[in-house]
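Colleague: What follows is the residue order along each chain.
There are 2 protein chains.
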Amino acid sequence: MNSESYPSQVLENAVKEFSQLPGVGRKSALRLVLYLLKQEKSDVFRFAESLRRLSEDIVYCKSCYNISDTDICDICSSPKRDHSVVCVVENIKDVMAIENTQQYFGIYHVLGGIISPMDGIGPDDITVKPLQEKVEAGEVKELIFALPTTMEGDTTNFYLYRKFNKPNVKITTLARGVSIGDELEYTDEVTLGRSLVNRLPFENTL
Amino acid sequence: MNSESYPSQVLENAVKEFSQLPGVGRKSALRLVLYLLKQEKSDVFRFAESLRRLSEDIVYCKSCYNISDTDICDICSSPKRDHSVVCVVENIKDVMAIENTQQYFGIYHVLGGIISPMDGIGPDDITVKPLQEKVEAGEVKELIFALPTTMEGDTTNFYLYRKFNKPNVKITTLARGVSIGDELEYTDEVTLGRSLVNRLPFENTL
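So the protein lines, in turn, are chains A and B.
Taken in order, the first sequence gives residues 1 to 206; the numbers are from the numbering used here.
Taken in order, the second sequence gives residues 1 to 206; the numbers are from the numbering used here.
Just chain A, same shape as in the assembly (with noise of 0.2 Å):
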């Protein structure tokens, strides 16, 4: 579509915007505007306004490197959380969801992203440095790599294993096995391969 044809530069600058975000076009930008000009001007105003906070009043916990309102998030500041077992992570949706499982009490790393030599992202890109420092300072007892299961995932494990590996740190990962409510003969044979040499005490699935 013509960018010349916008009736109104108000609109197009919108349009523009919206056609930067993943995954959305100029022709769903477009839609997405016009859905918000018939909204009321205040509900547009308050998704305006959402952003500029979004902008200025995000900040990242100084502790775990997750997104916070505060210096230091609500899950690092908790007295209910052990602060001696840390999960480290990819990203904050990876906290998110593991919050959701509710069954998680430690706290938590941020790493920000994985090691992927590929795109030229390496250790002194993500926060491996407060994680040393955190571990260093000797109140961590146990870290759980809670990384995805790929490549760079499986890279970034073994270059945190490498340099955290010391006699009073405990390191585990998340369990690799057949998801609950699979099928088994649709699991791939790598997992299934996995489950089986990890198989687990059977009361532990009770």
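Think of the hints as simulated: they come from the structure by calculation, not from any bench.
Don't take every hint at face value.
Since the list can't tell identical chains apart, any single copy or any two copies may satisfy a pair.
[Said to hold, decoys possible] Derived pair list, reagent style SDA-like, types lysine to any residue, alpha-carbon separation capped at 20 Å: (1) Lys-141 x Tyr-104; (2) Lys-134 x Gly-106; (3) Lys-38 x Gly-113; (4) Lys-16 x Arg-31; (5) Lys-16 x Glu-49; (6) Lys-38 x Ser-19; (7) Lys-80 x Gln-39; (8) Lys-80 x Thr-127; (9) Lys-93 x Arg-31.
It should be emphasised that the depicted structure is a prediction, and the values quoted were computed from it without experimental measurement.
Since chain A is already given, all that's left is putting chain B on it; use the hints.
Modeller: This is chain B only, laid out in the frame that chain A set:
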């Protein structure tokens, strides 16, 4: 996803706003917001600003009801346009589509909807009255109906035709026929039948 698990209220608000857009669920909304968080603060601020201006600065042309930055839009105020030919369309997307053809030199009238008894939209909910005033002022020589070829479009066409079919106003509609580039075997039979009945002098297609 449990809304309680958002690590930040500011984040949650932004996700909520995005997820109110059509076709955007909470997961996509979170993806979009996290994408924005990775951008420069000034870019996000510009996005917010474009929305704020959308809510405050957009006006509708007082003559044709198209979206505009000014009281009278560029098309309606252009002396190069033929003000005696008015193309009646449903919404601003149709204006843009017709402008993109670069084949139309009259002006527009944007109804802002079409008559749809099922959705409770009657003639008073769209800009029929201003169109009537425009026609009664006597400047209009031709009305081109360019509404969707749906049942609602046909209903609206018929309503407008009955209202405006007077000796001094010519009423036309977009030609219906085989799309350029289409194979006959894939053209639906209603369209094909109509295009036979309304067949053109061959010279017109050259």
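Colleague: Could you run down the list of hints and mark each one as holding or not?
Modeller: Here's how the hints hold up against the structure:
1. Lys-141 x Tyr-104: within (15 Å within a copy, 74 Å between copies)
2. Lys-134 x Gly-106: within (14 Å within a copy, 70 Å between copies)
3. Lys-38 x Gly-113: between (39 Å within a copy, 11 Å between copies)
4. Lys-16 x Arg-31: both (12 Å within a copy, 19 Å between copies)
5. Lys-16 x Glu-49: both (18 Å within a copy, 12 Å between copies)
6. Lys-38 x Ser-19: Intra 19 Å, inter 16 Å, cutoff 20 Å: intra and inter.
7. Lys-80 x Gln-39: neither (43 Å within a copy, 34 Å between copies)
8. Lys-80 x Thr-127: Neither, since 25 Å and 61 Å both go past 20 Å.
9. Lys-93 x Arg-31: between (28 Å within a copy, 9 Å between copies)
In summary, the numbered hints that this structure violates are 7, 8.
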